[in-house]
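J.: Please dock the two separately framed chains into a single complex, following the hints provided.
Chains A and B supply the protein sequences, listed in that same order.
Letter by letter, the first sequence follows residues 1 to 681 of UniProt numbering.
Letter by letter, the second sequence follows residues 1 to 619 of UniProt numbering.
If you're looking for bench data, these hints aren't it; they were derived computationally from the structure.
Just to be clear, a hint being listed does not mean it is correct.
Stated by the list, open to error - Calculated pairs, DSSO-like style, for lysine-lysine (alpha carbon to alpha carbon, straight line, at most 30 Å):
1. B:415 - A:46
2. A:52 - A:254
3. A:46 - B:451
Treat the numbers as computed from the prediction; the structure is a model and nothing was measured.
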Amino acid sequence: MASKAVYSQRDPMLKKRDDFEDILEERRNSSDLRYALRCYAPVVYKGLCPSKAGTLKSMVLQSDQLHYVIHQVCRETGRAVDDVQEEASSILEEMAHRLQLSTVRFFAFTLSKVFKTLFRSICVNEEGIQRLQQVIQEHPVVLLPSHRSYMDFLLMSYLLYTYDLALPVIAAGMDFMGMKFVGEMLRMSGAFFIRRSFGGDKLYWAVFSEYVKTMLKNGFAPVEFFLEGTRSRTSKSLTPKLGLLNIVMDPFFKGEVFDVSLVPVSISYERILEESLYARELLGVPKPKESTSGLIKARKVLSEDYGSIHVYFGQPVSVRSLAEGRVNRCQFNLIPRHIPKKPSEDIHSFVNDSAYRLVRAQEENMVLKPWVLLASLLLQNQVSGQKRGIALDELTEQAVWLRDLSRQYGAFLHWPEHTPPSEVVSSSLSLHRGLVRISEGRVQLALDKGYAVTPEEELLSQAVIILSCASYRNQALHVFLRPALLASAIHTASSNKKQEVFNSFSFLRNMFSNEFILCPGTYCMLFTSHWCCVSTGALQVTQQEVLVTERGHRTLVFLTSMLDPFLQGYQVVCRFLCEEATEALTEKQFIPAVRKFIIKHLLAGRLRYTEVLSSDLQKNSLAALLRLGAVRKIKGYQGTLKVNTVMVNSLEDTLGKKPAVRNQQCLGSFQNISTLSVFFV
Amino acid sequence: MLYISTKYQIIRKDFPFYLGKTAHGGLWVQIKNLPGHLPKESPSHVFLQEIMKWNGWGYSDSRFLFNKKGQAEFTGKRYIIIGMIIPGLKDWFECTFGASLQHKTPATPLLNSSAVQPPTLNEAFVEELKSTGIPFSQDAEDRVFRAHGHCLHEIFALREGKFGRVPDMVVWPNCHNDVVKIVELASKHNVCLIPYGGGTSVSSALECPPEETRSIVSLDTSQMNRILWVDEKNLTAHVEAGIVGQDLERLLNESGYCTGHEPDSMEFSSLGGWVATRASGMKKNIYGNIEDLVVHIKMVTPQGVIEKSCQGPRMSTGPDIHHFIMGSEGTLGVVTEVTMKIRPMPEYQKYGSVVFPNFEQGVACLREVARQRCAPASIRLMDNEQFKFGHALKPQVSSIFTSFLDGLKKFYITKFKGFDPNRLCVATLLFEGDREKVLQHEKQVYDIAAKFGGLAAGEDNGQRGYMLTFVIAYLRDLGMDYYVIGESFETSVPWDRVLDICRNVKARIVRECKERGVQFPPLSTCRVTQTYDAGACVYFYFAFNYRGLSDPVHVYEQVEHAAREEILANGGSLSHHHGVGKLRKEWMRETVSNVGMGMLKSVKDYVDPNNIFGNRNLL
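Looking at chain B on its own, in the form it has when it is part of the complex (with noise of 0.2 Å):
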């Protein structure tokens, strides 16, 4: 049995629904401490790529697979579920997408080097830069990594081991004043620079521009991922912008502070992408998103680099530069450093879930939740089809006992309660804070869940709605193994439309995919991830069995790009904070309106009139 300690909780590996996190405070645990993420490992660019997938998500040595039983497993050595077997997850599969393990799609194993193209290369440029001394590679490996998000078309291309435009050579600065000297480089021999931190995003942000003919340098931030300083007067932290998220937490949490900020992505994500996309935590509702945590940026452009000259919490000095930073996706410029908000660890964390009978009175809980102003660090409501989901993915049992447990309860939900089994669906939930008030809030939060008909559900129920958040990347490229794809997107819309945003833009989904020849129904589930005073974030998740389709990602992008018409005429919002890059540019202007795409422009045009930022993001 192993035990992870940490300073305020014990927990044994074989915590139900456990995935990694610990249940306090987001300190992301892995079981064996490879040097992958400590800081200053030489040369730690190599070593990282090394143990990541090169055409799915996540680490390498973790995935998804049925065994030779039929059952599902997860395999590696980084994940506390590993080793575990998953009993349902196959007949959900096969029931749900009508998939079967017969039919196999595997992926292109290795990475053919000859099938990328050969770089374009600016020697000027190149000469230049070997006289600085910051590393750079020509490898196609790693123009290949570094040339894609995540997003659907982008990993199903990998597998397949297609390749479209990548850049011509990364390079690694090592800290601020490389990336001057690189942006000052570019700038003089008119280099495509396409700034990359973590490489998790899915707006085709990443993608090459096919039209660009410069040479195109991907500018890799992973070496910048040191913490400059801590201010615990001021409760701040000046840290490089390259660093990692679950590095910056760990190496914060070290000193008994976080930040709080806690995107699905964690793992993997970067603090400068956080900035340049607009990110949002699980728990900004104690910490906030990135724009309420940023205190200071520091970002080199072209025409030189941007920052306020002072600290200040709050200012009225014109509109806030910040803003034109936030969100800019890697048009303007790099963000090289950030001052951040930090915050004591939380003594006490506490996972809960609550059962309501059916979507609507689950809305109607959160709504109130946020009109009472006391949501907990999380709140999530997952629909139907998710619970299902989720419920699928509940690890073997380990005794009859439990099992006879699960039984009753599902007996005194369904039976006694009368819940639909299809209708029913769960909201978890994540409390922090001192043990008391902790304690408080819950039963607060409880009270008001059970004037909706809601039913406290447990722990480990709640524990396992968030462990979905970070397998369902790894499940995706298990789908990917029998033809199944699928992908999230996000929303976010005022609260009196969040019941009818979620019906019809899964109606629309079921109804498109039966339209263009999909076979099987599709899973088009949602679920509800933040309350806000006027409106909340829906998420989306939508994934397909492509069998007799011919081109699959063409018939997903249609799919996809009616899905967001739907969201947009149901007063739903562009993105929450995936961001446009290029796959939602298009709706750019009518969602800005012309002036305000005007007044975008006319900062890309004093900013960067070369267009040395040509990922063409945004605008």
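Same shape as in the complex, but just chain A (with noise of 0.2 Å):
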């Protein structure tokens, strides 16, 4: 029942979001080192029993949960139980935070002098600072911003620094601490730092997720994490990681606290620090390793215009509430609560969903800039072969046609009302003016000749102007997507029979589930509200049919080009495992394989969409198709990979589907891909 609230409150239509102040405001009219060492004095959680982060570290040590799985690893391994808590301890020691006020006064300092430089503003909405003041006190916080940037973690300690909230501890990747000072710097600013993969290691998860757990039932601070695991590289949001969240949400179904709020923030900036290192990396070009010395030089950064971030604080959800009526938390009552427990499946289930619902939250509430527009029309034109580009003021008509249908869809659109829509349009495209070129009156992608010296160069240089556009793309993808799929459904679809677009429709939902963050179990509820969505004037939907009216031709192609990328790079991958996989393909040689394969045809021009070459894509698709069983890992060969060609050879069809093209024995096996997305429902 719970669940249909929190569903209601998000309806696009009823959607009221509070306004934005900005922060750096304040801090260009009066001093920063004032401001650094002022009085800071937060709100604290009602139940706090204060602790220094010493006697934290006991607490943990000493924990019931703790101790049992250190007895049970002195019984599984025979090691004396000193030495095994001697690395419990050591473990703690090399996670823990040392959260301390002087260090977070030196970044509000420095951050200060940064943020004035890089940024026009930060704006941040108060009324969210409010509730979360309010609800700090209450219950134990848990803070859960978008991962678009390495400024993320920092900038959310200087907000609630700045407006004299609680410090959080974050939840931070190991790879930080390989940037020696910083990685202590971070680690006194309430930075813990966990190894990224620690699989079956229980002493590990045990010392873990107790500190979490201890740190959130004494409401010692709020804990912050990112529910996406790590940064997003292509502003899409990530497939949700489960692991902390269900830490955090343990002490609710085991009753040790009454009731633990999650909140969403959404983080967007309007331009992305590493927007081209992210684009290069998508390519290939791997990542730099975090160093410092590598920071020092990201120095020339400083220099440039990033224009503004918006910080949106989400409303608070209450666990609580979340699992009224679907997680029984008597299940708890007969085995002692500190014995470590694989979550049963309703809490998994439990967890997932809620974790797809906040990071749903998150895209929600995410501002988006009339840039993200420009983006996504320049790249739907630059597709269309058109090499001259697109005429300025045709540009701004479209602009203004795609904001007033992004608004229909509940976009959260931040486009100044009162300035001209061409000077809108004039003033993004010159904030990004490394991405796109204008001369005599059009407006083009900026794909430069270079330097390139052969044609693979040349593309991946290009790759590289398209990819970051596409990220700016891809913050809107949320508010399209839905709408899309149906509209790529109808395109698709043998006929417009309601029955086959919502096969279809099944089909490509299913298909996309690990691209974009679709949250689980609720499709037809969701194929219908797409339904009344596009019905606005798109569509017209009789009893038996599903039309495109005449003027929902323009949006419907919008639509369906918004998905077209996507579906060409499942196409290829699949292209490219029922042609060029052999025996011996292996997970880690699928993306360079992959990649090889597409610049091949890139370059022999049967390929559209530059776009393709993004490594996340295939990722993606590759585990898409593992899900589906088109292709199988076998165990042992070092993740070789087993590919049933006829499936995948038939998804490909499905995915392009063109029925005049079709063969009896495709048709035979799309039969059973349509029982198998029904099944995947």
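T.: Okay, here's the thing in structure tokens:
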């Protein structure tokens, strides 16, 4: 029931959002030093037992849960208790934060300077801050920011300090630790470090989960982590990771706290600092290892204009109300609560659904800039083959049309109200002048020949620009995604029959569930609701059929083009697997091999979308194929991939279904697929 | 100055914080020796009913009221606090509930017999009953009196003069054989029997099922109140099941014995009721709960009489049939006679109290006491809200010196020891036994308490804590005069869950009240009242001001329902000693499993196939 309430809150038509305040304004007008040294006295959780970082550690080491696991490890490995205890203690030492106000003040000072040079403004919804302040006093709080930049977590702490709120402790990846001095600085500003993978290490898991739970239960500080696990290189939200969410919900399931408040935070950057870095990474130039010297080299970014940042603190979500009627807490009655247990089926699916819902909440409160719409339009235009670009006034006209459409779909668009559209467009373009070029009143992507020697190099340097643009387009993807799936379903379905469209829709939704955030288990409901969405004029729905209206044509073309690169990407991966995959293809070799294949086809002009070079898309499509069983991983052979050619073939076919070309054999296996997709509903 | 002398000790009437129990061994003292509880006063059933409220708790003449000056007072001649001014109650009452003495909700003063449904009589049954000579009545007042327990919704309806389905007649058997006759007749004529003891049920157990179409007969056991024999060699007493707690203790005390079974309702609840609900007494740490006290039970069922053939102290003869009887809540038959363990009266008794800086420390201390198995006769831990409540009930102090002393104590605890007055909590203690051992025991417990930051806080505070138990039901009536309704409920829970369940249930109550439109924050408080090896019994009090609500009882019930769900979700039991009745029936299946339900059902089907004992409790 509660879930319904949350959903209706997010009904796009009813969406009401808070106003923003620019916090840099004050920083520009008053002393940073005084600001960094001012009195800091945040409100705290009402059940807080004040404790130092040292007591926190001993609480963790003396916890029943850890004791149990230590003895379990001793029994299994025959090691001495002291020895294992020692290990636990050093794991904790490696992990624990050492939050220090002086360090925070140092950051407050330096970040003020940095932010003022980098950004025009940092806008925060103050009502969200007030809600947070309220909820911090009542329940343990978990902050869940979106993750698009390294900046995110410093920015979060900076904001909370600015608003005199309790500073969070932040789960950070161990890779930061490589940056000697910075790692320690971050630790002292509240970061705690976790290893990227510790699969079977019981002891590590126990120390880690107990550490987080202890901080949470005692209300020591808000716990902050990134649901997506890592920075999204594509600006698309990533499939949420469940581990930490599970840990922070656990004290509620077990009755150790009355409730836990989850606060989704959406951080949107007008220009992402790591823009081209991400694009290179997606194209296979390996990511530079985090190092202090690397950071200093990044100094040149300081001289550029990165526009503004919008931070939206979402409505706090009560785990208690989410879990009402979904989780039976009595399941913990019969086994001591400190004995670690694998989450039961209902808890696992609850945590999973909640994670998706929270990521959706992040997405929906992301502020979109006009540039995001422009990037979408420019990319579509680029593909449609007009090498000369698009006329500026035509682009403006299209942008205004898209602005209105996106608002219909509930986008949180930040379009300056009292400025003429042409000005809005040109100022957006000038901020992103690295990506676009305007000449003779025409706008096009900045795909220079440059100094490229080989055609391949030229392709890759163009791809950097295109992927950067795509990452901006992707910011708006969540707005159009659901209608776009429907539009593509209409496009690929063999007829306009409702059932056919629905089948096609289900297939696409299932196929793309690794690519986009599509909440599990809400199939039919969603289908009908997109229906409503699109039928606001673009579609006409009769008893039996779904028809595209005259004026809906433009919308549908736009929507299908939005999804087209992904469709083609999945198709080409399928084609690669059918044509080139050898017996010995391992998971590790997959990305380089498929990249080579795609480059070959792009150069030969057989593919329309340079975007499909994105390794993110390739990985996701492989994950989808593995999930659907079209590809299997053979254990013990370093992850050798076994391809079910027939199935992959027919999947490829269905993705770009053109009924006339389909031969008899494919038809047979398509039936197979549709039963399959129903199965996966 | 009035002195009541007992064998061991002299107690003054103005003994501070003293309600009505002597400081030794659970003897209930009434100041005027009213004949109401002497056995065989004829016709005593009429008399008892006349000295009791028909729409509230306890004796008619005993009630709290706010006098003209707005000070709280207790009326009547029965309890030692009569005439005492309780200056703090008004402020506490107004602050806690946002209530006002201006806004009154008085009860309907008189029982309007015409509002009671005319009885549905089974003429053949009535005719045959007449020939047995067993007294019975069809009087409306008699029937209404036995149609309810003391759940909030029951009392609320009575105060508004509303009556639902009530028994069609009342019978007063005088002995076991009378009961046998009545049950035979009821079976023969298909009449529904509902056994009635003291009427203190808080589980809707006495409510007549509205769907019952047969004639309902309330079987009042109050006349079966004799001690049939006392066996000093084996330390047992054979007692009729209708005897009320305070009478049983008083009569045994006269010969130097006691049972030591003291549930909070012992003024009015009966032995048969204790057996039928698996009752628990305050001093169970020494004497045990009812299941530990019972040696032999005789129960009349539609299939005949069930009893064991001997009084062996323990048997291995299959599942103990006593455990089908105990907790059967009147669904299988009527308990008529019970052989109980008795003990010599304790030589010495001493109250005590400990103040802890917070509830967590208090619970940790109780847990340690239980671990060392050195719990005193009674040990209870009140939370901060209840501590303040108890404090508000402090009678006016008689001298400047005492008030100075109180001030000093407060200063010492809050300023010198640094206890936060909004966090500290207090444990009340009762020690019993021979003098030397009591003192030794006392030291042991206080030493443990000291390890958890506990400070000994004197006998007075301890005694006042126990007083709260006895006056709370009278206080509820006072609240109901001013838009405040409330109730208590209990559970038992493993030690590691105690703190969590207390916090979560209290928070759930506050939240549910808010969500259901209660205008003022409720009183939501708890105490740990019993310790066991593996867990504790927790008691919750919950009350709120219902001004502005159109259906306060419904809101109350929804909140209580939510609170019970919360208890179960936190590993608490459905009930520790109140029983299931009809109020908590819906959770029985998940509590005892499908097979468990089947077992209970098949016993019912065999013992009472025609559902003669048709109160529909439990299953």
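J.: Now look at each hint and say whether the structure bears it out.
T.: We went through each hint and held it up to the structure:
| no. | hint | verdict |
| --- | --- | --- |
| 1 | B:415 - A:46 | 22 Å, holds |
| 2 | A:52 - A:254 | 25 Å, holds |
| 3 | A:46 - B:451 | 26 Å, holds |
Violation of the numbered hints given earlier is absent; every hint is satisfied by the structure.
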